[in-house]
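S.K.: These protein sequence lines are chains A and B, in that order. The letter at position 130 of the first sequence is residue 130 when you use my numbering, and the numbering goes up by one with no holes. The letter at position 163 of the second sequence is residue 163 when you use my numbering, and the numbering goes up by one with no holes.
Source of the hints: derived by calculation from the structure; they are not laboratory data. For clarity, every value in this text was computed on a predicted model and none was experimentally measured. Treat the hints with care, since some could be wrong.
[What the hints assert, rightly or not] Taking lysine to any residue pairs in the SDA-like style, the calculated list, with each CA pair at most 25 Å apart, reads:
1) Lys110(B) x Arg9(A)
2) Lys166(A) x Glu60(B)
3) Lys189(B) x Glu158(A)
4) Lys136(B) x Phe98(A)
5) Lys136(B) x Asp155(A)
6) Lys166(A) x Arg68(B)
7) Lys166(A) x Ser87(B)
8) Lys136(B) x Arg173(A)
9) Lys17(B) x Arg154(A)
10) Lys136(B) x Ile230(A)
11) Lys157(B) x Asp119(B)
12) Lys136(B) x Lys93(A)
13) Lys73(B) x Glu96(A)
14) Lys93(A) x Gly78(B)
15) Lys93(A) x Glu60(B)
16) Lys166(A) x Lys17(B)
17) Lys136(B) x Glu96(A)
18) Lys166(A) x Ser50(B)
19) Lys115(B) x Lys73(B)
20) Lys245(A) x Asn95(B)
21) Lys115(B) x Lys93(A)
22) Lys17(B) x Glu96(A)
23) Lys17(B) x Phe98(A)
24) Lys136(B) x Arg9(A)
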Amino acid sequence: MKLLVPVRRESRIALGVAFFIVFVALWSFLSLSGAVPKHFLATPWQTVVSAWNLFATQGFTHDVGMTIWRVVGGFVLAAVIAVPLGIAMGVYKPIEAFFEPFVSFARYLPASAFIPLLILWVGIGEAQKLTVIFIGCFFQLTLMIAMIVSGTRRDLVEAAYTLGCKDTGVIRRVVLPGAAPDIAEALRQVLGLGWTYIIVAELIGASSGIGHMITDSQALMATDHIIAGIVVIGLVGLLSDVLFKKVNQHLFSWSLLR
Amino acid sequence: MSRLSIRDVSKTFPGHKRSAPPTQALLPIGLEVGDNDFITVLGPSGCGKSTLLRLVAGLETPTTGEIRLDGTKIVGAGADRGVVFQSYTLFPWLNVRQNICFGLREKGMKLSEQKEISDRFIAQVGLRGFEDHFPKQLSGGMQQRVAIARALANDPKILLLDEPFGALDNQTRVLMQELLLGIWEQAQKTVMFITHDIDEAIFMASRVVVFSARPGRIKAEIEVGFPHPRHYTIKTSPEFMALKARLTEEIRVEAIAAAH
Ligand SMILES: Nc1ncnc2c1ncn2[C@@H]1O[C@H](COP(=O)(O)OP(=O)(O)O)[C@@H](O)[C@H]1O
Ligand SMILES: [Mg+2]
Numbered sequence: 001m002k003l004l005v006p007v008r009r010e011s012r013i014a015l016g017v018a019f020f021i022v023f024v025a026l027w028s029f030l031s032l033s034g035a036v037p038k039h040f041l042a043t044p045w046q047t048v049v050s051a052w053n054l055f056a057t058q059g060f061t062h063d064v065g066m067t068i069w070r071v072v073g074g075f076v077l078a079a080v081i082a083v084p085l086g087i088a089m090g091v092y093k094p095i096e097a098f099f100e101p102f103v104s105f106a107r108y109l110p111a112s113a114f115i116p117l118l119i120l121w122v123g124i125g126e127a128q129k130l131t132v133i134f135i136g137c138f139f140q141l142t143l144m145i146a147m148i149v150s151g152t153r154r155d156l157v158e159a160a161y162t163l164g165c166k167d168t169g170v171i172r173r174v175v176l177p178g179a180a181p182d183i184a185e186a187l188r189q190v191l192g193l194g195w196t197y198i199i200v201a202e203l204i205g206a207s208s209g210i211g212h213m214i215t216d217s218q219a220l221m222a223t224d225h226i227i228a229g230i231v232v233i234g235l236v237g238l239l240s241d242v243l244f245k246k247v248n249q250h251l252f253s254w255s256l257l258r
Numbered sequence: 001m002s003r004l005s006i007r008d009v010s011k012t013f014p015g016h017k018r019s020a021p022p023t024q025a026l027l028p029i030g031l032e033v034g035d036n037d038f039i040t041v042l043g044p045s046g047c048g049k050s051t052l053l054r055l056v057a058g059l060e061t062p063t064t065g066e067i068r069l070d071g072t073k074i075v076g077a078g079a080d081r082g083v084v085f086q087s088y089t090l091f092p093w094l095n096v097r098q099n100i101c102f103g104l105r106e107k108g109m110k111l112s113e114q115k116e117i118s119d120r121f122i123a124q125v126g127l128r129g130f131e132d133h134f135p136k137q138l139s140g141g142m143q144q145r146v147a148i149a150r151a152l153a154n155d156p157k158i159l160l161l162d163e164p165f166g167a168l169d170n171q172t173r174v175l176m177q178e179l180l181l182g183i184w185e186q187a188q189k190t191v192m193f194i195t196h197d198i199d200e201a202i203f204m205a206s207r208v209v210v211f212s213a214r215p216g217r218i219k220a221e222i223e224v225g226f227p228h229p230r231h232y233t234i235k236t237s238p239e240f241m242a243l244k245a246r247l248t249e250e251i252r253v254e255a256i257a258a259a260h
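Based on the provided sequences and hints, a complete structural model is requested.
M.R.: Quick look at the structure:
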């Protein structure tokens, strides 16, 4: 192994798959050997069968759909406000001075701790789920975008001024295109955060969603269903991440040049 | 008529921290640059050359004095002064042609006209066939050629260059000097070129302005009378050598002063 030297594509895939195999092997060993009792840890096979049943007979597709809808809805709401606000903060320092201290503080308020309050305020309906995702994503995203925009290359900004741009031209033609790949990357990372918040929101006061199914299964000690639910979240999260990455790479191919 | 007129211009930068003393980068200087002059500003590093160029570009404001271009006082940056920076400042998300058209598009010029102008400058800096390349796919020398074309495409009244070839290897640098001089001989532009390289300063200039060590002031102005078009072979002529010896002496004293 040489420092920082990339591996070939085939070896990279092989290595990645290898870890999954090791992981499943360990899981099988723990559950099949009886090292962990069956009702605490379902076997991999049993989990696959249960997952199939969940989708085929128990309307799990609807739960998954609801969860995705909530994450995407809350995330889009957060992004629609955070992106312009973050850009304004990055470019205009008085605006940053006004919002930054509060946003930095709000970022550390755990979104899940708001759930009891939100239930009081907006009930246990969809608004509560969306708000949790919104709180979880919004402050983080705003700060990340403000930081990205602050990092705009000064030399490019100066070059634009000497080429005849005014302030709006510099924002539109230098700041935005320069920051766009990093902003897209920040959106991708924060969407990942959204997936971690939604389950907590659904554990309390929900009548649908993956988190709801997990709470129900806990009452029945159905660890196979719980594990299946967790794996599905992982897969959906991974899928959205890969899609996001592909779109970013396609839109901002210039930023991948070395 | 005198194109660029710098009168009693000085620049003092405030200290970074409250306790740090301010930096006097330029003592009050006066300099007149005539129409189609090619002046080079020569001085040891840190003597305020970039500061002078940035003042003319409008990227800094003078502490005292004023700068006029064709009689109009300079306030802020503008398209009438094209700048080529030492660092590579092409927009990485735009290809060669889009970079060259950057200023034209800002003016709202028709696409067909943009294409015509960019074609001309792409040919002039020898980058035909590279129109669709992105900056990261180009060598340093090529990037600076695009930067020159981008500045010239805007048809500025004066072209300001801040050690544009400083990061290039020696062979490339010499070729770039010939390229720029060739463009100037054809196009007739007023040029202010900053450098710390004596050969470079003499080869292209109609006048060399020598700076003292920091705080910078003008120590000498030396006319360079070699006829145009100039060929690189003049660099080995006795007249060139004599001029170089003289400037070497001037600069050496200042470099020693700067090192203390
Ligand atoms: N923005 C700035 N703030 C404070 N000091 C500066 C700034 N820009 C330049 N200086 C100082 O002014 C002096 C001249 O700098 P510069 O014009 O870049 O010199 P040169 O281009 O001749 O190497 C240096 O001592 C430098 O540290
Ligand atoms: Mg400099």
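S.K.: Each hint should be assessed against the structure and marked as holding or not.
M.R.: Against the structure, the hints:
1. The suggested pairing of lysine 110(B) with arginine 9(A) is violated, with an alpha-carbon distance near 46 Å, which exceeds 25 Å.
2. Taken as a hint, the lysine 166(A) and glutamate 60(B) pair is honoured in the structure, with Cα atoms around 16 Å apart against an allowance of 25 Å.
3. Only pairs whose Cα atoms come within 25 Å are accepted, and lysine 189(B) paired with glutamate 158(A) is accepted, the gap being roughly 22 Å.
4. At roughly 38 Å between alpha-carbon atoms, lysine 136(B) and phenylalanine 98(A) are farther apart than 25 Å, so this suggested pair is violated.
5. The suggested pairing of lysine 136(B) with aspartate 155(A) holds, with an alpha-carbon distance near 16 Å, which does not exceed 25 Å.
6. Our distance criterion of 25 Å between C-alpha atoms is met by lysine 166(A) and arginine 68(B), whose separation comes to about 21 Å.
7. Between the alpha carbons of lysine 166(A) and serine 87(B) the distance comes to roughly 22 Å, so the proposed pair stays at or under 25 Å and holds.
8. A C-alpha spacing of about 19 Å is found between lysine 136(B) and arginine 173(A), which places the hinted pair at or below 25 Å, so the restraint holds.
9. With a CA separation close to 21 Å, the supplied pair lysine 17(B) and arginine 154(A) stays within the 25 Å bound.
10. For the hint pairing lysine 136(B) with isoleucine 230(A), the CA-to-CA distance comes to about 43 Å; that exceeds 25 Å, so the pair is violated.
11. This hinted pair checks out: lysine 157(B) and aspartate 119(B) have alpha carbons roughly 21 Å apart, not beyond 25 Å.
12. Taking the CA atoms of lysine 136(B) and lysine 93(A), the gap is about 31 Å. The hint is violated against a cut of 25 Å.
13. Restraint check for lysine 73(B) and glutamate 96(A): the C-alpha separation of about 34 Å exceeds 25 Å, so the hint is violated.
14. Restraint check: the Cα-Cα separation between lysine 93(A) and glycine 78(B) comes to about 23 Å, which is no more than 25 Å; the hinted pair holds.
15. Among the hinted pairs, lysine 93(A) with glutamate 60(B) is consistent with the structure: their alpha-carbon atoms are about 19 Å apart, no more than 25 Å.
16. Simply put, lysine 166(A) and lysine 17(B) have alpha-carbon atoms about 30 Å apart, too far for the 25 Å limit, and the pair is violated.
17. A distance of roughly 32 Å separates the Cα atoms of lysine 136(B) and glutamate 96(A); the hinted pair therefore is violated under the 25 Å criterion.
18. Pair hint lysine 166(A) plus serine 50(B) holds up; C-alpha atoms about 23 Å apart against a cutoff of 25 Å.
19. At most 25 Å may separate the alpha-carbon atoms for a hinted pair to count; lysine 115(B) and lysine 73(B) exceed this at roughly 33 Å.
20. Restraint check for lysine 245(A) and asparagine 95(B): the C-alpha separation of about 23 Å stays at or below 25 Å, so the hint holds.
21. Of the supplied pair hints, the one linking lysine 115(B) and lysine 93(A) is violated, its CA atoms being roughly 38 Å apart against a limit of 25 Å.
22. The suggested pairing of lysine 17(B) with glutamate 96(A) holds, with an alpha-carbon distance near 22 Å, which does not exceed 25 Å.
23. Simply put, lysine 17(B) and phenylalanine 98(A) have alpha-carbon atoms about 23 Å apart, close enough for the 25 Å limit, and the pair holds.
24. Of the supplied pair hints, the one linking lysine 136(B) and arginine 9(A) holds, its CA atoms being roughly 23 Å apart against a limit of 25 Å.
Of the numbered hints stated above, those contradicted by the structure are hints 1, 4, 10, 12, 13, 16, 17, 19 and 21, listed in ascending order.
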